[in-house]
Amino acid sequence: MAQPHSNLSPMRRVWKNYGQLASLLILPLAWFAIIYVGSLIALLIYGFYRLDEFSGLVVYELGLDNFLAIFSPAYFAVVMRSFLMAVAVTAASVIMGFPLAWYIVRYTQGWRRLVLFLLVSLPLWSSYLVRLYIWKLLLAKEGIVAWIFTALHLENLLDAILSIPVIGGSSLSFSLIGTFLVFLYMWFPFMVIPMMAALQRIPHNFLEASEDLGGSTWQTLRYIIIPLAVPGIAAGSIFTFSLTLGDYIIPQVIGNSSYFLGQVIYVQQGTSGNIPFAAAFTLVPIVIIGIYLWFVRRLGAFDAI
Amino acid sequence: MPSDINPVTPPRRKIRPRPVHRGKFALRMMAWVGLAFLHFPLLVIIVYAFSTADKSYVFPPPGYTLQWFAVAWQREDVWRALTLSVQVGVFATLIALILGSLMAMALARRKFFGSSSLNLMMVLPIALPGIVTGIALRSAFNSMAIEYSIYTIIIGHATFCVVVVYNNAVARLRRISPNLLEASADLGATAWQTWRYIVMPQLASALLAGGLLAFALSFDEVIVTTFTAGQQTTLPIWMLGELFRPRQKPVTNVVAVCVLIMTFIPIIIAYWFTREDSQVKN
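Chain order of the listed sequences is A and B. Letter by letter, the first sequence follows residues 1 to 305 in the numbering used here. Letter by letter, the second sequence follows residues 1 to 282 in the numbering used here.
Isolated chain A (complex conformation) (with noise of 0.2 Å):
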């Protein structure tokens, strides 16, 4: 940080350089390398064993087998309803949350502006579980949403949409609209953020220059703020994307039956005591993330985060 010590010369001023630097680093570096990274390795090589059929133990040899199943017929209709689930979320964060951000960044200030900004990050930080188990209650089949709908008058509105199949079920909280909209609802706020901070560096002149010019509000929109807005969007995406997409307790308390990505690590890993197969399957969502994050950067999603 500081360099003192200017008497000394240009090559020890390297070397004490050097010596700060490792004399700050040691600890996290070694805590991150062994226990993380470490963590990481183990997992992988974990991938590679198998369980014996008859005993139930981890056989500690090398083998492709846990790799060779993830591409049964079953998995994969798993890897599609997370992908499709993780897109929908992600659009639905976009439509929701681009009127918002855009409120708070162009018609608000001072006080109001902060306040704003606390009311949508402070849910973020609030307890995920006690959320879900507040939705829990809302879409309950005598909850507040059926009353809502029944205080209206459009009980058959519902009845209507529980029974689209696929996604619709005996009551929300037992159907596929139910998980989405708990999805939604948990990372959406995620996709905000970066908006906001996308939407703020928009300079004014742009859209005053698209006015001049007669651009209309929805050319405006359409050809200045969203073309600007696509890094911000795209970091968002990261979030609502991959959260989705690693969410196994989400889908276990709302919802159909049917498995999520995260679902299968967590079943194989606890009630089957299949660690090795666990370990194989964890490697579907990283690479899913990671082909989308390669996808992203190119949309500039790592400059807006």
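Hint data in this document are derived by calculation from the structure and do not stem from the laboratory. Since this is a predicted model, take the numbers as computed values, not measurements. Using N, Cα and C, we set each Cβ at its ideal position, and we do this for glycine too. Please note: incorrect hints may appear among the correct ones.
[What the hints assert, rightly or not] Within a straight-line C-alpha distance of at most 20 Å, the following computed DMTMM-like cross-link-like pairs (lysine to aspartate or glutamate) qualify:
(1) Lys249(B) with Glu142(A)
(2) Lys24(B) with Glu155(A)
(3) Lys249(B) with Asp54(B)
(4) Lys141(A) with Glu155(A)
(5) Lys249(B) with Glu76(B)
(6) Lys136(A) with Asp159(A)
(7) Lys136(A) with Glu242(B)
(8) Lys55(B) with Glu242(B)
(9) Lys141(A) with Glu76(B)
(10) Lys141(A) with Asp159(A)
(11) Lys249(B) with Asp77(B)
(12) Lys141(A) with Glu242(B)
(13) Lys55(B) with Glu142(A)
(14) Lys16(A) with Asp186(B)
(15) Lys136(A) with Asp54(B)
(16) Lys16(A) with Glu276(B)
(17) Lys24(B) with Glu211(A)
(18) Lys24(B) with Asp212(A)
[Said to hold, decoys possible] Computed beta-carbon distance windows for the label pairs:
(19) Leu228(A) with Ala26(B): 52 to 58 Å
(20) Asn205(A) with Phe25(B): 21 to 27 Å
(21) Val33(B) with Tyr18(A): 53 to 59 Å
(22) Gly300(A) with Ser115(B): 20 to 26 Å
(23) Ser257(A) with Pro201(B): 52 to 58 Å
(24) Leu119(A) with Gln202(B): 39 to 45 Å
(25) Ala151(A) with Ala70(B): 29 to 35 Å
(26) Pro60(B) with Asp159(A): 43 to 49 Å
Fit chain B to the supplied structure of chain A, relying on the hints for placement.
Positioned in the frame of chain A, the structure of chain B alone reads:
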């Protein structure tokens, strides 16, 4: 801008006054719908905590009572879970504070080979799905035959809390003017004195904020915890149990409200301490 400056090229389209307030009204509506979607559920749980219904989640509640707060207060299992969560949170936060501020001091003003990889390594525990971090730690503990205990939970939590402290500390360190450090050095201060009297006073509130956020993160974490805990029950694990096998629904409602309030307080304080850092970042 008047359009008659250049009469040769008339505007392609007739300019009429834009319906500014109507557009703004629709926008405001959509924005408030978004906010209501975020916050309405939080209000609902408060209503439920006072409901007299004890077997179902019926709405509107048949009546209101305070008795469930008293019942929850008497529950041993809730207190044990709360105590464990606080212990884990405090130790994980302390470790994260040490590692995170060291990292921040190393990386705030330096760029060297591998510095962006270090950054990535810190973000990974929260960027990768929690289940990956969780199962990675579990297989590591398994292969080293380490018994699950409060220490394994703390190790897991500290690992993903570091980045929160780091982000806060690094944002603050980058705001400290290098002139101050040079002035201090010119006046003959040692590196230690500069750190103690110039850097630390400015860094302190960012570290406090980072620590509070790290605590909130740890206090709430469930996914990594399910993989790194043995028989121990933190408050989120308790809550998870109630989600699947509710024993006394009203008690869960009360605990939910209390957890919500307990996490809001540190977050608001942290936000207050770092409100200028985030403005600079934006």
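Hint by hint, here is what the structure shows:
1. At most 20 Å may separate the alpha-carbon atoms for a hinted pair to count; Lys249(B) and Glu142(A) meet this at roughly 15 Å.
2. For the proposed pair Lys24(B) and Glu155(A), the alpha carbon gap of about 33 Å is over 20 Å, so the pair is violated.
3. Between Lys249(B) and Asp54(B) the CA atoms are separated by roughly 6 Å; this keeps the pair inside 20 Å, and the hint holds.
4. A distance of roughly 12 Å separates the Cα atoms of Lys141(A) and Glu155(A); the hinted pair therefore holds under the 20 Å criterion.
5. The hinted pair formed by Lys249(B) and Glu76(B) meets the criterion: a straight-line CA distance of about 16 Å does not exceed 20 Å.
6. Straight-line distance between C-alpha atoms of Lys136(A) and Asp159(A) comes to about 19 Å, which keeps the hinted pair within the 20 Å bound.
7. Taken as a hint, the Lys136(A) and Glu242(B) pair is honoured in the structure, with Cα atoms around 11 Å apart against an allowance of 20 Å.
8. For the hint pairing Lys55(B) with Glu242(B), the CA-to-CA distance comes to about 13 Å; that is within 20 Å, so the pair holds.
9. Restraint check for Lys141(A) and Glu76(B): the C-alpha separation of about 31 Å exceeds 20 Å, so the hint is violated.
10. Between Lys141(A) and Asp159(A) the alpha-carbon distance is near 12 Å, which keeps this suggested pair within the 20 Å criterion.
11. Straight-line distance between C-alpha atoms of Lys249(B) and Asp77(B) comes to about 15 Å, which keeps the hinted pair within the 20 Å bound.
12. Taking the CA atoms of Lys141(A) and Glu242(B), the gap is about 18 Å. The hint holds against a cut of 20 Å.
13. Between the alpha carbons of Lys55(B) and Glu142(A) the distance comes to roughly 12 Å, so the proposed pair stays at or under 20 Å and holds.
14. Distance restraint check for Lys16(A) and Asp186(B): the Cα-Cα separation of roughly 18 Å lies within the 20 Å cut-off, and the hinted pair is therefore satisfied.
15. A hinted pair counts as satisfied when its Cα atoms are at most 20 Å apart, and Lys136(A) with Asp54(B) qualifies at roughly 15 Å.
16. Restraint check for Lys16(A) and Glu276(B): not satisfied, since their Cα atoms lie roughly 33 Å apart, outside the 20 Å limit.
17. The hinted pair formed by Lys24(B) and Glu211(A) meets the criterion: a straight-line CA distance of about 16 Å does not exceed 20 Å.
18. Only pairs whose Cα atoms come within 20 Å are accepted, and Lys24(B) paired with Asp212(A) is accepted, the gap being roughly 19 Å.
19. Roughly 21 Å separates the CB atoms of Leu228(A) and Ala26(B), a value that falls outside the hinted 52 to 58 Å.
20. At about 25 Å, the CB distance of Asn205(A) to Phe25(B) agrees with the hint of 21 to 27 Å.
21. For the hinted restraint 53 to 59 Å between Val33(B) and Tyr18(A), the CB-CB distance of approximately 55 Å keeps it satisfied.
22. In this structure, Gly300(A) and Ser115(B) meet the distance hint of 20 to 26 Å, their C-beta atoms being roughly 21 Å apart.
23. Evaluation of the 52 to 58 Å hint for Ser257(A) and Pro201(B) yields a pass: the beta carbon distance comes to about 56 Å.
24. A hinted range of 39 to 45 Å is violated for the C-beta pair Leu119(A) and Gln202(B), which are about 29 Å apart.
25. Ala151(A) and Ala70(B) have their C-beta atoms about 32 Å apart, which keeps the hinted 29 to 35 Å range intact.
26. About 21 Å separates the C-beta atoms of Pro60(B) and Asp159(A), a value inconsistent with the hinted range of 43 to 49 Å.
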